[in-house]
Amino acid sequence: MCQIIKKMPQVKIIAKNFMDMVASLPAMKLDKLYDNAFICEAILRSLPPLAKKYVLQMLYIDEPVLATSIHEWVLADGESKHTVAVDRLVQLRVFVETVDRKKGTTYRLNTKFQINLQKHIVHGGVLPREPMPSTITVRLPSLEDLEAYAAEQWECFLLHLISSGQAERATNFSSSMMKIFQRGLLSQRDKEAPKLTESGFQFLLMDTNAQLWYIIREYITNSEERGVDTADLISFLLELSFHVTGEAYNMNTLTDIQRNVIKDLADLGLVKLQQGRKESWFIPTKLATNLSISLSDLSSRKQGFVVVETNFRVYAYSSSKLLCEILRLFSRVEYQLPNLIVAAITKESLYNAFENGIMAEQASIDSLLYIITFLQQNAHPRVAERIPSVPENVTDQIRLWESDMNRVEMTPASLFDEFPSRDVFEAACDFAREYGGVLWEDSKKMRLVVKAEILGQIREFLRR
Amino acid sequence: MGHGGDKGRPSKKHKSSSAKEDRRATVVDDEDAYYAEELDEDYRGEGKKRDFSKLELKPDHTNRPLWACADGRIFLETFSPLYKQAYDFLIAIAEPVCRPENMHEYNLTPHSLYAAVSVGLETETIIAVLNKLSKTKLPKEMIDFIHASTANYGKVKLVLKKNRYFVESPFPEARWFSFIYLLLVLRKLLKDGVIAAARIISEGVHGSDGFAIGKSLGELENGHSELLNEAELAAAAEEKETHSFEVDPAQVENVKQRCLPNALNYPMLEEYDFRNDTVNPDLDMELKPQAQPRPYQEKSLSKMFGNGRARSGIIVLPCGAGKSLVGVSAASRIKKSCLCLATNAVSVDQWAFQFKLWSTIRDEQICRFTSDNKEIFRGNAGVVVTTYNMVAFGGKRSEESEKIIEEIRNREWGLLLMDEVHVVPAHMFRKVISITKSHCKLGLTATLVREDERITDLNFLIGPKLYEANWLDLVKGGFIANVQCAEVWCPMTKEFFAEYLKKENSKKRQALYVMNPNKFRACEFLIRFHEQQRGDKIIVFADNLFALVEYATKLRKPMIYGATSHVERTKILETFKHSRNVNTIFLSKVGDNSIDIPEANVIIQISSHAGSRRQEAQRLGRILRAKGRIQDRVAGGKEEYNAFFYSLVSTDTQEMYYSTKRQQFLIDQGYSFKVITSLPPPDTGADLSYHRLDEQIALLGKVLSVGDDAVGLELLEEDPDDIALHKTTRRAGSMSAMSGAKGMIYMEYNSGRNKQHGQKKAKPKDPTKRHDLFRKRFV
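From first to last, the protein sequence lines stand for chains A and B.
Our numbering numbers the first residue of the first sequence as 1 and each following residue consecutively.
Our numbering numbers the first residue of the second sequence as 1 and each following residue consecutively.
Here are the simulated lysine-lysine pairs, DSS-like style, with alpha carbons at most 25 Å apart: (1) B:K503 / B:K702; (2) A:K445 / B:K494; (3) B:K503 / A:K445.
No wet-lab data here; the hints were simulated from the structure.
In isolation and in its complexed conformation, chain B is listed as follows:
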């Protein structure tokens, strides 16, 4: 919340401002581990007990589903008959904090309210519905907060109509006072020099003040109609008059800038009236009849196309819930050229495949643009699938690429479809958005980093969150797999633990707890069990490259990591999918995102990226795609749990600490981790590796004899943001830095970078040029 709750935070931010400077300069950081911590303090603060017991209960409170607290926290009973309506409403106006089975918690934040306003909810509607649902009288603080947060949002829209940009302000006829107010808004905007200069005064304007008056459809679909009485409903649905003025297309970016919260603070909503866009050529594509969007996919689309126009924004769906269908549907509805951005080349292939799978798009209308595929579609409209890096790349390009980039730059895109927006930093977005001209931007993600008031304009770069699905509801509906999560505790062997504790091995700690023989044995046991007893397909994740290679070689399983070429990756993935002999693959963190392996249903995680909740969720997402028949999957069916997620942790090491942090996101989504304390079972395991002490000691010798470089440096080159060796460094920082808004580099896996790799490897870093942080580690 914007007020009240944030006392004392500024001091925390400044606690180490010098460290913050470092943060800007470095590309390596412990963003996730830190983020989780911050959240802890913000949302679960000790000693910040809140007593709202003096709120007045309504006499019929048992029929109402929620409590609203003055600090913005909202509790929702999921067993209330009004749950479904209340959930749809809350997800539109508030940020979910946790959503387990019986009681959900939400937070009202300025950003969530901005999102609410942008999907067409009005301040009074928000308050009225909230009041209807609440068991108590709404606290005055909350009403004030809603007023304050929504005062400026949603009052101005930027609409691209027939290729003319209009700044538009809706005018609800029945309320003359709002009318005055809104005219004031437009006037206020025009007082600004930049905006006034950008205004185009056309001939024949009518209406007061020379604003053009038009009509736009009221919000028809907002789903909360049953909660409002008729009069309120009529006000919401009625056709609304809008006042607008036109701005110079060349100045649009500047006008938008001026409207951001740091300037005039009337952030503009972007809407694309694609039906009336006659300038950009139509793309002939339809959804195929067999593409039946599921209810939640429909819902998210309806949020996007709520008033007949296309809104920009972000849709949050868990992995495996069918994000690509939502993307393809959106493109098919807009029917204009579409630029689709993915995180890596494998995922580019998959997106292209999805387009062809779900829509009637013809082969020549869709093309991929990666370092290996440099195509451009024929005809005057089409779909281009590429990576963020290909578009944002600042260096010299080949002639061929340059030509395609030129194409992309010059075209007016109907839809900019952005996959996995949570892993792409803001500066990358800025670059992409400045290079490409698009009418509508749709971001897709499984785990939106939660915003609070310190996030900067990431929200405004793409748009507000339009929809977020509830994981447990999707599991219950059988849309995603019901995963049994387990944390396997592997005690360190005596010898490994002794080395772990030694000061001189501080750089090898990770290698030591990952290579813990007990962990290896647990992993081997699980692989055997799932391969032989259940015939499952298994992915083993290891962030630590040394461990990845050791494990995979010892167990004789294929592996994919950063240096694996695109061709080889594809080959391995194909065999994994189709061969009955290859049932287990080892992946480094390149497998975290967007590599679609629908066959896999077991994940074993042997090492991970410090306290990253996002990575944990993402990895879980690899097996969320529902398999088998739906009636088997739902609760009580014979395959109630048909997917398994094991996280192997060495007890008494840092890993335990991180493990708790990592699980937080999933736990908040209602998942529970079962702790398994003895694997392999005590009476078995003689046939597993490292059963004998001398083997264990030999392994220990190997880990210790390998140079620090091998367990660390190579990893850093593989993923520039890797934090494996530096996870103990924790610094204060702002939320915007966590979310990428400060321009940090996030994970980026692009086969196009292989070349850079080569160069880097050939030329070891000059120690003097190393960043402070790293220098410490190398002296």
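So that you can see chain A by itself, here it is in the shape it has in the complex:
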């Protein structure tokens, strides 16, 4: 029976969420972030429940608290949660750790963070900016329209990302920015058309939020090169997530840098820009307001659209070009109809997928899981309740095909034959064995195959 792998592999190429990224900032920048009350609130919200509890408990304690006393707050079976909570708080510099040889480790809340949060509790939260009155902003899009707009923008961006020719509209991003996004996702050998790397392959199969994180992360990491301060950018993005979806916010409340950023974000579908007679404004979409929510919290999924049949045929209720490209990664697209794409998963199409990137064994297993997860996560409501939503024989077969591919292991090697005498042959064998480089030997015909990496030594040895 086929081995069933239960765990999804860790997503290697992205930080799980925004806060991971915040946590990785240098101490100085982090402290600067806490100047902003919204950030403090966002950080608090993102914390694991136990960590939240610790923060609230210590909100009005101005003295450092002993680590051991905090430890006493939890029951024995909460040990692991406790460790996670404290680690996280230290990472985010919400807890400032002091290690004293005599007294032991103590923690206290980051002062800025503490003051901001106290203020917040006393005075209540204030919106980062006021929405514009509807008298000025006529014809705001409905929430559905906005969501459709966001999806369309995002798709257009992805199409640009994987093949610039496919997209219908131009993008605001400079080609150098695009190159930065593509780094790691596409590889290009001279003069050939760019190809997806294994990360790129996996990237395309992730859900929109995961993809968005990847892009935002790249966007933030490279902000310094564009002359934008990382902390500023993060704080702006977090701030944005506190805006109300569908409301209009005046552009003139933004700094020049933020105004540039917002244009990029419009390209990604995070905001929609509109121009009135005098004023211009931006409208955050769901993508923007979801930014500060961690990945795992996202329970609301969009409706699925893929039906996989037992005969390996895939029917996708969609007209999206991007989806068509994604399906093409691992299946053969046969028909395109106005609202349906018909494709077939075949051994060849899968091998094609695995060869797309240069894949090691682990990578192809990962990709395989991405394919299966993609099909499962996007299952059409009609089959979504069916367990499994992708027929077992299809997933089994995909795994078997994959494992079939890895039955042969390639090792660069060199063949030696026509040894002058048996003694030389045997000596060579012994020598190679010492280095652990013998792949095959035929003592009858005196032939020897060794790993390529010891070729030099063997040559040297035989010359003697």
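Assemble the complex: chain A is given as a structure, and chain B must be docked to it using the hints.
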């Protein structure tokens, strides 16, 4: 499809025209393996991506169940509320490509449209209903295609009324333009010399042009009425006037010939107005009250008797779904003498039994005609059950047989009932049809070889496909067993694989991968498991005779193969059915067709006929007959899977390749094969045979020491079309050859051939007379 899709095919056909010549001469061929391949290219062609995204979606498209593409492909959602109506309609006008759970695919072909027209659907109705069901506007190409394909079909009918043959053309009153057109058709026909000569001008004709005008009932039951508006419905149901002229009975065959697509191209539909046939004596038979046809059986019968007359055609039902009841019902409705043709003697017995089981026919009215039973019924009407071979046999017959054949020849049969039409080649049909005179022909099969535009007149020999059931729907309804299919991967042992790879063993390859000890052990394990743990009845199939004998002897189980006599076969089958000690039998491919073993519910296949999808489906059919109570069988019941189909394949051998091909048909019907990679489970199996290496090596020695003849030649004599040794030979050929229309011999198992066997065995083939193909193998 007739247009567009077939570019580039002709070149493929001519790729090896010399090989095609060979094909005609030889009786041995890899038809199935090749056929599957061809289908691959035709229907699943790589790089032929079709973009129809520019089609216009109707605003209420979510309520409509299908998409229609310009190249003839149709996609149907099975979860649409209109699914049932849409399915009935599509099955009438299109060929199913695949029918899994949620989405069906169909192809419109000229032949499927011919079938549609012949069951009474009119061009405009087809287009109107299709348009109603379609989510998009119908592509213009498709509308044109329907017009072009149906222009000539169904315009002329050949009706046998009171033993006078009439060429008839229906005339829808409301449409005067069609009237002109149809008169033109009749005139066009009469311009042909042969037809004009055959015409009988009777006295007192009235109506324009001297055509007789009569009335015939419009199609009352076409099932699509709810999809049409009233005006359209009225047009369809109204009584229709027909124009006709009479032809000379002696010339009927010639007239029919002239109307075939290769001549005038107005293929005639044959209808039998049996109620008004006063010349042929009636046969007093009724269905017994307990014979309750199931909904799909009713449906197929209604297609056949749709307008009060009997149409000729083919009904496709999976094995075990009750084809015989459909046959018996048809005979009971026509109530005239019936000639029933089966593929072998065992199946003749079974048909005779079915007739007696379901109908009130008296014993003396039914008789069997085989080499062992030479009877003829008494009275002036009755049923004769015989084999194709008995009728088509060209050699000298015994006096007794000659007399019966004479009877068969001279009689006017009301119904010619033909079982398993997919295994009988066209030349056999031609012969049978030319020998016997029948008013109506009904073909029954489980797996109709799919037609495309290259099939020749097989369709016209019997008639169009009248009905085809959906396997999954029957499973869901609990009418046939829900089978768990599994492909068991048996790794070759090191020693066997080493021999397999050697060039000098190329002739023994099959024997080597079938005798793979791991396969043997998997087989033994499965037999034990099902016999002991579940108390199941098991059939093991092996095409390779050497393996069959080895396996059966080693496991001490009874076996049946070509040389087993009829008496012995019957005896073994009886013990298998009734004895509690015999729970497993080994069958060679003689068991593929029509041997009815309702008790069996497990099949283990250890070797098979290359890439034959038909054989796979047929074998599965042996266990499809539903067992147990219906509420246990349906999804969620305690016996959801109560039948098991295991196909054992040796990994890394040709078998893997063929296995994929073979499963295609079943997969297209919505079955899925689970892959089992380790059997017996790793920690068990010490008590199974060939556990020790020395035993395995001894077995290997045996396989290698046996002459090439033993693993090959004997097999060839057993089944003249066996391809076991030649499966690597693949040649280009036309679809008609695959379907048997070019006169190739298909599987034929008749006990009457035992004598020939004897002769063949006694006289080894003269090597010089061997066909090219074989000569290569023997030098």
